[in-house]
Structures are given as C-alpha cells and as structure tokens.
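Q: One-letter residues, chain by chain:
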Amino acid sequence: MKLLKYTIYRLLQAIPVLIGISVITFLLANLGPGDPVSLMLQGQEHSEELVRAIEQRYGLDRPLHERYITYMSGLLEGDLGQSIYYQRPVSALILDRLGPTLLLVLSAYAFALVTAIPLGVVAANRRNEPTDHASRVAALFGVSTPSFWIGIVLILIFAVKLGWLPSSGLYYPWRPPSSYPGINGHLELYYETARHLLLPMIALGTLQMATIMRVERTQMIESLQGEYVKLARAYGVPERTILRKHAFQVAQLPIITIVGANLSTAIGGAVLTETVFNINGMGQLFIEAIQQNDYQLVMGITMMLGFLFVVGVIITDISYAYVDPRVTYGERD
Amino acid sequence: MAVGESQLGSDTESAVDEGDVEARVGWRYTLAQIKQDTTARWGLYVVAFVITVATYAIVDSNLSLLTFGRLPDYAFAQALPIFDHPTRIPPPGEGTQHMPPYFPLAEQSWNPLPAGGTIEHPLGTDHTGRDYFTRIVYGTQVSVFVGIVSTFIGLSIGTIIGAVAGYYGGKTDDILMRVVEMIYSIPPLILIIVFTVFVGGTSIWYAVIGVGITFVPIFARIIRSRVLSIREMDYIEAARASGVKDRNIIMRHVVPNSFAPVLVYATLQIGVTILVVAGLSFLGYGAQPPTPDWGQMLNISHGYMHSNLWLSIWPGLAIMITIMGFNLLGDGLQDALDPRIDD
Amino acid sequence: MRVVSSGIRLDEDSGYESDDALLELDGVTKYFNQDSGLLAGMEFEPSQFPPISVDRETVKAVDDVTLEIQPGETLGLVGESGCGKSTLGRTILRLLEPTEGDIYFKGENLADLSGERLRQTRSDMQMIFQDPQSSLDPRMKVGQIIEEPMRAHDMLDDEGREARAKELLEKVGLDPRHYNRHPHAFSGGQRQRINLARALSVDPDFVVCDEPVSALDVSIQAQVLNTMEKLQEEFGLTYLFIAHDLSVIRHISDRVAVMYLGNIVELAEKEELFENPQHPYTRALLESIPVPDPRENGARGVLEGEVPSPVDPPSGCRFRTRCPRVIAPDAYDWRGEEWAQTRAFMRAVKRRTFEPMPASRIETEFFDGDLPRGEAGSTVDEAIELIASDRNADIDADDETEHWSAATDLLLESFAEQSICARERPAYELEAEYGDGEHLAACHLHR
Amino acid sequence: MSSEPLLRVENLKTQFFTETGTVRAVDGISFEVREGEIVGLVGESGAGKSVASMSLLRLVENPGEIVAGEITYKGETIFGLEEGPDGELQERDDMLSNEEIRTRIRGNEIAVIFQDPMESLNPVFTVGGQLREFIELNRGLSKDEAKTEAIDMLREVGIPDPEERYEEYPHQFSGGMRQRVLIAMALACEPSLIIADEPTTALDVTVEGQILDLVDDLQDKYGTSFIWVTHDMGVVAEICDRVNVMYLGEIVEQAPVDELFYDTKHPYTNALLNSIPRPDRTVTELEAIEGVMPEAINPPSGCRFHPRCPDAREVCKRVHPEAKTVADADGEAHRAACVKHDAFDAGYEDSSMLEGAVGSTEREPESELAVNPAGDDSGGEGRE
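Same order as they appear, the protein sequences are chains A, B, C and D. Counted from 1, the first sequence has number 168 at position 169 by numbering that gives the first Met the number 0; the numbering is strictly sequential. Counted from 1, the second sequence has number 151 at position 152 by numbering that gives the first Met the number 0; the numbering is strictly sequential. Counted from 1, the third sequence has number 33 at position 34 by numbering that gives the first Met the number 0; the numbering is strictly sequential. Counted from 1, the fourth sequence has number 21 at position 22 by numbering that gives the first Met the number 0; the numbering is strictly sequential.
Just chain A, same shape as in the assembly:
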C-alpha cells in the first residue's frame, strides 16, 4: 500500500518534468534561427507565397503559445503530429522503430548488470589484490572508450577478420519467422537475433558495465566496513553470507540509482550503436529526421526519448523504494 502511494506520488512528480521536456523541445525546434520553414526550403528557390503557404499548412503562422497548446492537446491524445518527410504520423513511425532500440538498450543493460555486479563484488572482496587491480583497469578502459569505436573494433575482429558474426542489421524476434527468407521456426529466428544482437549489445553495454562495476566496488567496500557487517561477523555469520546478503543488499541501493541516471547516456549511445551496426531503431530515425529537417519528427522523437528516460528513472526509483524501506516508511522519531 505504501509502495503504491509512493508510486503515485512519484508519477505526479514526473508531470512537471514531462511538461518541461516538451517546452524545451518545442522551443528548440521552433525558436532557433534555423526555423522550420527556412530549414525545409533551404537550397530551393522560394517565393514569399510558398513560405506563407507552408506556414499556413503547418500552422506556423499562429503565435508560438497557441501552437504549443495545439501540439500538447494533440500529444495528450497520442498524436505527435505528421512527419513532413515521410508524410506519416510521427507516432506510427516511432512505434515502428521503438522495438529494436528497446531491445538493444535492455540487452545492453542486462549484459552490463550480469557482468558488472559479480566483478564489482569480487573486486571489493579481494581489495588491492591482482583480481581487484585487473578489474579496475578493465573498468578504466570501459569508461574511457567510445561505444561506437568499440562497435567498430568488434566488427573488425568478429565480422571482418573472423567472419563469425554479422556486422549489421537486426532480426526482430517479435516478427513471424516467415517474414525472413531462409528462417525456419522461432528457434532459428531467436538464434539469428542473438547473433545480430551480441556485438551491438557489448558495444553499448561496456560503458554501463564499467560504470556499474566501479560503483559496485566502491559501495561494497563501504558496505563491508559497516557496523552491521561487524555485528554479523561477531555473531558468527559466515563470510560468504555476509558478502552475498548483509553487505550486498545495502550496496545495491546506489546501483539502482546509477542504472536510472545512466539511462540517458545509454539512449545517446544507442543512437551511435545503431549507426555503426545499421540497426533501424529510434536512433536511426532520429538521424534521418535531423537530416531531412523533419522538425515534427525530431520533436516527437526527442519527447519520446525524454519520456523513456523519465519512465526509466521512475521505475528505478520505485525499485529503490522496494529495496530500501527507508524511502516509503517515514522516519520515526
């Protein structure tokens, strides 16, 4: 019950932020010297009438706040406007491309968490031993290397040199296998998905992995020095249980926060990774929209990505509240 209360509280808190995102995006797309019309007409001969016609067509002749209100009321109904370049609803375009991006980001996170947490715990437990040093150096490389370059190197090794894995594209596991030539059955499709996903997942996940590992290590070290760990030791709790339960659980709290906060880097990284691996996701759509000066589409995507981030943060906040009782239950005097 308390958790539900907190969830609703958190959702309400997000409303002003979401409105803020929409304002920022709207202003960026509409206020700059590169206003939509001139962007659209760039390089073309145009007359005043043409400009006015375009302005009228897209409602650009009305004052800014009116346009914003129109846009927002559409937004509430799930209408993100019409893409100028594709001549399709923005929402439909986004929906088309959302899947691969989510798949990529989530798998990268899964990869990062699965590798980083055990590594961080081991490093903390064997502090200042070779294992610790090795994992710290690895983490240093991880935070210092651009994800797209990791992608390129991975392609060079595994696709170009060794030819083991494909260098681009993605098979969508939610599509029927029949839509891909030469794929028989779901199992084969999943296998292909995995093969295609592996390299981009590592490329995108490495930074997250390194970040999470560093935090995990620091937190575990701190947690292992806690009084409650001393107490558990004094009561004969085995070191293994202390490491896996007593110290571990407390150390995970900041990890949850980090996962949420890093979502924005991950989404940015997804744009680059999709570019390197030619995956038709939101990132690619965004780049296309930018190239085509499709400001409606750019606005829609930016809002959507901001929204994704906010949702991600809310989810992590709620899981934090779930793990840490101090958040939902008020402090008692």
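In case anyone wonders, no lab produced these hints; they're calculated from the structure. Just so you know, even glycine gets a beta-carbon here, dropped at the ideal spot from N, CA and C. Check the hints yourself; a few may be wrong.
Straight-line distance between alpha carbons at most 27 Å, and here's what the computed BS3-like set of lysine-lysine pairs gives [unchecked claim]:
(1) B/K244 / C/K140
(2) C/K140 / C/K229
(3) D/K220 / D/K142
(4) C/K165 / C/K229
(5) C/K105 / B/K244
(6) D/K323 / D/K73
(7) C/K140 / C/K165
(8) D/K142 / A/K244
(9) D/K146 / C/K349
(10) D/K146 / D/K220
(11) D/K73 / D/K220
(12) C/K170 / C/K140
(13) A/K4 / B/K170
(14) D/K316 / D/K12
(15) D/K12 / D/K73
(16) C/K140 / B/K34
(17) C/K165 / B/K244
(18) B/K244 / B/K170
(19) D/K146 / A/K244
(20) D/K323 / D/K12
(21) C/K170 / C/K229
(22) C/K105 / C/K229
Here chain A is said to cover these stretches of chain B; the calculated rule only asks that three of the stretch's residues, wherever they fall, bring their Cβ under 8 Å from a Cβ of chain A [to be verified]:
(23) 174-180
(24) 322-331
Got chain A; can you put chains B, C and D on it based on the hints?
A: Relative to the frame of chain A, chains B, C and D by itself:
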C-alpha cells in the same frame, strides 16, 4: 593512522586524525597527493602529454613530428578547427549524397590504402592521401579544446545555479532544480544534436556550447549538494553568529570548500565531454571536414574498413588514451580527497 | 577606547550596567515546517476524496519559552536530545527566526531587528559549538579564524587584530605561535579553545555555549570547563550553557532551566534545582543519571516509554504521557490505589506491553482482582472486554490490532484526557528552599 | 578463586601496522572474567578498550593483528602462541581455527553489543529478520522456532507490541529501542559472556537508565557475564563488579568497584575521578588532568602516564611498571601499575621530583601544547 580508524577511533572523541577528513583540501595537499598516488601521477603524465601535443599542434601548424620538415599542405589541409565556419545542414536530397553522416558498411571501389609503416607516413594516409599521423596529432587540439571549453561552460553556469539553489534553498532551489531536471531528462547526445541543428548550425562552436549547456545539470547538482552539506557545517553558523556578511560567507567559506571536489568532477567530466563530442563528430554534427578530428576521422574510415582497418583503429586509440588520462587524473584526485575509500 | 595594550576588554563600558536582565525571552516559539519542496507534504489517501491533500507537518521545537538571564551569570539549559534546547539557543541569537515571541537583549528586541542592524548587534553575542571538527573552517588558519569576527565588525586594524588574536590564544591556553596553523593540527580540546578565542575576539557580553564539552573526553572536559570559568570572570561574560549532562550543568551553572519537548518545565537556582526538584521530569532525570559512586544506589530508569513526537505534542503538560504522577481526573471518585492501577493499565494497553490474556488474569495482574468502583470501573471493564483473549477467541491479527487501539482510545479519552494535566498548561512559582531565587515548576501538583 | 574463570586474558597485545608505524593499541593486558559478573573496561578514547574487546573474538580488522598473549575461554584457547622449531612464534595446535571460532564461539558463547545502535542494524532487513537469523545460526533452531524466540526476546527487553515491531525496519525504531534490540540479539543467542562496547554512550540519560535497569534485571535472570566497555565512571559505579582501568593500551589499575572508588591506587584513576563533575553534589573546582593522552604509536618511556601524572618523579621516566598486587580486598587482588607503591621497590621515595612537575600548583594546561600531532613546527601543512 587513517587505517584501523574504525576500531581505534570508535570511542566518544574521535581521534585527531579524523579532522583530516576536512583537511583533505587545499592546493598544496592536493599536489602532494598526486605525487604520492600512482594513478593520479600517471593521469597527470598523460594529460600533460596530450595538452603539450595539442599546444604544439596549434603553435606550429606546419611541422610534422617525424619528418622534421615541411609536409605538403594537403597533409593537414586547413587544419585549425577553431576557424571553421558554421555550415548549414545541406538541403534534403543533396545532403545525403554530398556528405552522409555515416558510410554504410560496404566494399568501396578504392584501391587498398597505404598501410603505413614508412617514415613519411608512419600510420599511412587517408582516402585523400593526407598523412594520418599528422591528422591524429592535430586531432588532439580539437578534443582537448572542446573538452576543456565545454566543461568550463558547464562548470561556470552549473556553479552559479547550484550555489544559488543550495545556499538559498526553499522555492528558489525548488524551481532551479526542477528546470535542471528537465534539461537532464533529455539524453545529452540528442539534446546537443537538436541544439546544433535547430539553433546554431553544424559547427564545432555550437557543439561546444551545446555540450556545455547539456552538462550544466550535472555540475549544478554536484555543487548544490556540496553547498548543502557545507551549509550545515558549524563554521558557517559560527560566521553567521559573528555577524559576517552573507557575501563574505559565500566567498570565504562556501566557495573555497566546495571547490576541490568540484575540480575532481570537472576533470572526470572533461573525459565524458570528449567522449560525447567524439560521438557527435562521428555522426557528422561536430567538427566538420577538413578539420582533423578523431570522431570525424572514424566516421570516414568506417567506410574504408575493408581497405585499411588501421584507419579505424588509430583515432579510437587516441580518443581512448586522452580520455583515460583525464579519468586517471580525476580518479586519483578523488581517491586522494575522499577519505572513505582509502587504498 | 579600543587600545589593545589597555587590556583584553575592547571597550570598558560594554558591560551592561542596568539592573535589568541582560536577556529576556518572552513567549519565544520556534516551529519548523518539515520538508520543503514543490510536492512535499503532499499526501495521497486513496480512501478519501480528493485523494490528494497537502499536509505540512509542523515540528514544535520550542514552544512559548519565557525566561531571563542576568548579567554575569551562567544559566544552564538542560534536556534530552530533541527537546529543543539547541533550537532555543540559536533562536536567541537570531540564527533562526523566532516564529513568535520577543527577545530583549539589553532592552532591545532582537526579534524586531533585521539586516544590518541585526548583524551589528552580533558583536555583543557569540556562540560556541558542540562539534570541534566542523566548527572551524579547515581551510583557514587559526589566526584568520579568530580575526574573522573582528574583521566583520571593522574592529582594529590588521596589526591590532593580529596582536589581539595572539593575546586571545594565550588567554584560552594555546600557544600564540600556533597563529599560522590549520585547525586539523589540533586536538578536540584545543579546537574548542580556538572556538572560545573566536567567540571572545569581539569582546561579547553574552555567549551561547551549545554542548561545548560533550564531544570531549572526560579529562579534557575539565580543562575546557576550567578555562571557560576563568574567562567568564576575566571578560565579565554571561553564559547560556546548553548541555545534556547534568553533572556538567551542576558544575558550571548558577541557575538551571530544564527543558522537555519544547517547554521549560522547571527553572531554579542550581542548589535548589538539584536538591529540591519539584517537577516529576526533573526528578526522573536526576534519578536516572549514574552517579560515580558505587555506594550510591539510586533508582534509575524510572521513566517509561519514549518522548512523544514534537509534531503533535500532548496537550496541557507535555510530560503527562510519561509522568509517574499524573493527577487523577476529577470526574471520577478514586479510592486508594485505584488511580495508580488504572494509569498503569492504561499505559500498558497503549504500549501493548503484555500478551493477550483472559480477562480475569488482566484483572489480577493490574488491579489485584478488584476493578475500580463506579464509572471508572465500568470503563476499565469495557476496555478489558476489548482485549481479553477469552472474549474474542477467534479473531485475526488485524482485528486484534483494531481492538487494542479501540481499548487504548477508550482509556485515554476517559481518563488521561480528563486529567487537569491534559487540559491546562501548568506554570507555578514556588518558594525556594535553598537560596532566595525564584523557583518555577510547570507541574499541576503545585496548584 | 580456585575455580577456573570463564575467560582469561594474559598479556594480550594487539597492534596496527600502519604506514606511519606500529600502533600498539593494546599492549600487554591481562584480566579475567568469572561466571555471572560484570567486568568493566574503562578508559578515555584511544586507550584501546574497544580493540581489546574485539581481540577477544579475534575480530581485529586489517591492518590490526593480535601479536602476543593468550586468551582462554572455558578451557579452550581462543588465541595462543608458542615458539616453533625455528624459534619463530607460531599459533598453538590447540588454538581454535577461524571456522571453530565462528561457529562455536561468536554469538553462541560470546556475544557483543555495539556502541552505535543506529549503525549496527542492517537498514534493509527487518529487525525481526536479523534477530531471527542470528538465533537460527547460533541456537540451531528452525525458522519458526527462531521467530517465536525472537518475539519473546523482544518482549523480554521491553519492546512494546513485539509481534508488530518484529516486521519493522531499524529506521522505524528510536535509538533506545534499537539498543534494546541489540541486547535482545545478544541474550537470545544464550551466550555465557556478552561484550558490551559503550552500549549506552549514544543514549539519553533517561534511556540509559532504562537500559542499565534492563541489563541488571536480565543479568540476574540469565546469569550471563558481561565485559562492559565504557568511559563513564558513573556507569561503572552503577553496574560493574570489578573494573579494569586502561590507559594507552595498558591496564593501569584492576580492582573491585568499591575499592577502585574508595581506595584508589593509581594516580590516573584518581585524577580521572577528580576531574569529573558530579551530579549528586556541587563541585566548585575541577581538578583537570593536564595534557592529552599521547598516541599509541609512540608512547612515553617508563610509565606511560608520567607526563601527565601529578605524582610523577624522575624514576617514572625510566621504569616501566607492570601491574602488581598492591592491596587485598576480601580476597580479591587490587592491582596497580604505579611505582609509588611499596610492592615495586623502584626507589620512588628517593627519586627526585620531575622538572616542572604538574599538579602541585594550579596551572593552565600548557602541557597540552607540547603535544603537536603534526610532529613538526611548520604548521599544519606538513601533516601528511
């Protein structure tokens, strides 16, 4: 005696040494720590090296390091990135053919490019025959310049917002931090691209400003939390009780005491900034050709992967080493200034 | 008359000459609004409409405190953590804005002052803090720290300030050569001495000492206390000495005020208060404290339960919920032990300290088998009905909790809330047995 | 006296090996604890009392190490060294292994109560869950049995409404309540000895009174022995049967509580008692102990207390006194480490007074200034 403190100092009066927690500030102390800390020392070496190379490339834009003489002009073309001009994104249709932001991976019809290893071209040449080594060297200045300048922009605006929010608290804090959260909610890369394309134009200048603004929230948050914790200190209250003016409290107590940890963050942030700008250039929205820039070089070399894979390796390595230098330095500083993790 | 060589007192006439109190508090009150923020205090209650309400909790840290401090004396302010003693100290210095009330310092109402005027009066009032670690800016040198207040009030020139700082270092028992050191080179006791030197640099008349020795080891405590006493004499200081340690308070104070949950419950001269305490809380406090004498075997732990939340303090006397001597409500007719038994039963039910048991056992356990007579008895019986294990055999845990709280409400409303202790706020002036000062006790036992 | 004590510590030394040198936190202490008694370990911060008490469970943290001494508990060797064939000290064969210490001693034989009730409980687990885990582990009970036991114990230590509070988290408890939980934890494991490390220091005086009462009652009921670590002479007087006074890693005086207060044999104990203000009578003049306790990394020569001692003479600088029996109190030895007693025969009477001896006249604590923790005169900067 910092070690074993947990046991030795568990009595009522903390040992004198715990005073060091707050004493771990100040320039002389910081420098002494850097000298002692291996990590920080190496970080300092790398950063110093990178900055020297960058400066060298600016001071003498006509000299090649290895040939000890003048290279043909085309080797570094109009090298200085700082003087390139904002260019509008080319109009639809034309743009994609003219300068795609990325090259799809496909066999190019080029002959294999020179692999390098010669005195003249130690790292070979790019697709237009320019010396790759020289371009890598010149790329340093773009990265270092962009990293430092945009971090500085983020730091200055962030400091003002964070300090005001933290010191005054209440509604001011609330509103400022809410705005900061809004900016923070849009993924940086996306925000920067939208900013450069719609507000400015694809130019390194707009990228620098865009990156700087995007990182304002990070600094604002750090400074704010630092100011909040300093505000709780008794010495601030003592100063207030003594009738010291607000302005003097901020200038003499709050600012100096917040600065050291912020410096650590700024150092680490330079690395992050270089990372982001490299990504931006890779997509074609950072430094524009013919400026030698690592991200942009990777963008181009991506298309020649099958001809000369080393072209894709060198710029990446350069980025990695540079960022690593700043990260090492920042980590070392942090270890030195943060008593909790005392290796 | 600001000549350094003429002595450590900057202006000889700064001593408050009037016969009146140096400091007078009249109904000083300080409330805090808990959490701030755009959506803070917003409550979501799905069971009501509208489901969202804004409810800001107010912590009543200091509530209606009236007292006087005479020039040259040390007033000890003692109380347990969270009782509001530090808040009161900071409110007096106007480091916190009083919610209500007047603070007269040398006849001038500080509560009315603000801005530059307030800042200027700060040279007359100083403060010493509890935590020797955080009270000195780690980046400043000792000399700068001591000179800062003088600089803020434009006292002396650079050389004069340095000379005075060095003189002060010597006065507080430190080596003047330490002028150029940073605080971290000093031990806790030495830091408190630097704090003293800083406070004295502007030659104040009044110093609020907020637990100045509680972070120090016992042997160092004595050193610092002795120095403080010596300085008080030399500088003609008036101290408000805040502490939780009754021994220290007894040593250093002339008069003592005892605080509980934002109220002053007792105020008297030191000997009178310690030898003839008139408030049940003061007594409990004195009885609880361990005496360093193995042959002294006092009662201890005489207080039940915990301090209630200052957000919603009890009405009337704030101590009544834990008071061992709550006055019987007049509405009923009590005989012998009846009220004492009922009170004990009421508190046991409220805190749920016993396991559910049959009605007859409850009666034996709490009332020796005899319920009080008349109306009181039937109320008690009703409460026993609610919680006895044989009256409601097959109920689940939730129901059980509900029954207990129903019984608690019934008992509290019928008895506790009816007592004069709940209905009126006590304030009585008594005749002192020791000395000839006034003795205030906020307890209805003295009505 | 004839029967073997519950715990015997002989010449225990625990040192911390730090970059700046070896910190001799505990330097050769000996004491014993008998069945059903409360033994006090008193001293100021840095005296080494906490390290000493943790050494008993072999819970000294890096870079600390027990380097010498013998700890015997119920006839078993918790720690003991012997000279090996190569002349190096090595662990004795009968010394319990780490695993044995963990399963057989910690918790079920010797339990601890820590100073800080706020930090000692894990914030992410329920109070009941933590209590249950330790009971399960140390008593070999099943989950349900352990839970019943835990709730009973919570009620026993005076936690209202224990069933409900069993499910609550530590932050929902007040400081006093958390300390009760820690006491419940210690008692529920049914140990024979409980080490209480400043268990009431963080508490308010009325709560402290409640806790002391509770411990007294429970000790009567269960007959558990206690080692009570504290700096508060008041608490010592209230609760302890016998007392060990520690100064800079050493036990300087050891006596039954009444003798300690009424027949004080060591100048440090005496000075300590004279320096504290009293709640029961007005003390106008506090006799402060001059100076501060030096660091254990570089203790003074001879008697470690001599630089602060009002009775110090020249001989005190040279002779390091080992504690000796100086009086007899109803069959109990009263030991003190001070050469002024006849038992030492170090020529104290004939020794000259120290230059600038403290104590004779009332002086400002200048000697405190002599202690310069930075170890230099250039000011604070050269500290590290």
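Q: Give a verdict on every hint.
A: Right, here's what the structure says about each hint:
Note on B/K244 and C/K140: the hinted pairing holds, with a Cα-Cα distance of about 19 Å set against a maximum of 27 Å. At most 27 Å may separate the alpha-carbon atoms for a hinted pair to count; C/K140 and C/K229 meet this at roughly 25 Å. Simply put, D/K220 and D/K142 have alpha-carbon atoms about 26 Å apart, close enough for the 27 Å limit, and the pair holds. At most 27 Å may separate the alpha-carbon atoms for a hinted pair to count; C/K165 and C/K229 meet this at roughly 18 Å.
For the hint linking C/K105 to B/K244, the alpha-carbon distance of about 23 Å falls within 27 Å, and the restraint holds. At roughly 25 Å between alpha-carbon atoms, D/K323 and D/K73 fall within 27 Å of each other, so this suggested pair holds. Of the pairs offered as hints, the one joining C/K140 and C/K165 holds, with about 13 Å between alpha carbons and a cut-off of 27 Å not exceeded. Pair hint D/K142 plus A/K244 holds up; C-alpha atoms about 17 Å apart against a cutoff of 27 Å.
The hinted pair formed by D/K146 and C/K349 meets the criterion: a straight-line CA distance of about 24 Å does not exceed 27 Å. Simply put, D/K146 and D/K220 have alpha-carbon atoms about 22 Å apart, close enough for the 27 Å limit, and the pair holds. Between D/K73 and D/K220 the alpha-carbon distance is near 21 Å, which keeps this suggested pair within the 27 Å criterion. Of the supplied pair hints, the one linking C/K170 and C/K140 holds, its CA atoms being roughly 18 Å apart against a limit of 27 Å.
For the hint linking A/K4 to B/K170, the alpha-carbon distance of about 25 Å falls within 27 Å, and the restraint holds. Between D/K316 and D/K12 the alpha-carbon distance is near 22 Å, which keeps this suggested pair within the 27 Å criterion. For the hint linking D/K12 to D/K73, the alpha-carbon distance of about 21 Å falls within 27 Å, and the restraint holds. Proposed proximity of C/K140 and B/K34 is supported: the alpha carbons are some 24 Å apart, at most 27 Å.
For the given pair, C/K165 sits about 24 Å from B/K244 by alpha-carbon distance, which is consistent with the 27 Å threshold. Pair hint B/K244 plus B/K170 holds up; C-alpha atoms about 22 Å apart against a cutoff of 27 Å. Distance restraint check for D/K146 and A/K244: the Cα-Cα separation of roughly 19 Å lies within the 27 Å cut-off, and the hinted pair is therefore satisfied. For the hint pairing D/K323 with D/K12, the CA-to-CA distance comes to about 18 Å; that is within 27 Å, so the pair holds.
Under the criterion of a C-alpha separation no larger than 27 Å, the hint pairing C/K170 with C/K229 is consistent with the structure, at around 9 Å. With a CA separation close to 24 Å, the supplied pair C/K105 and C/K229 stays within the 27 Å bound. Using a Cβ-Cβ cut-off of 8 Å, 3 residues of the segment 174-180 of chain B lie near chain A, which meets the minimum of three, so the contact claim holds. Remark: the segment 322-331 of chain B is confirmed as covered by chain A, as 5 of its residues place a Cβ nearer than 8 Å to a Cβ of that chain, reaching the required three.
Of the numbered hints stated above, none is contradicted by the structure.
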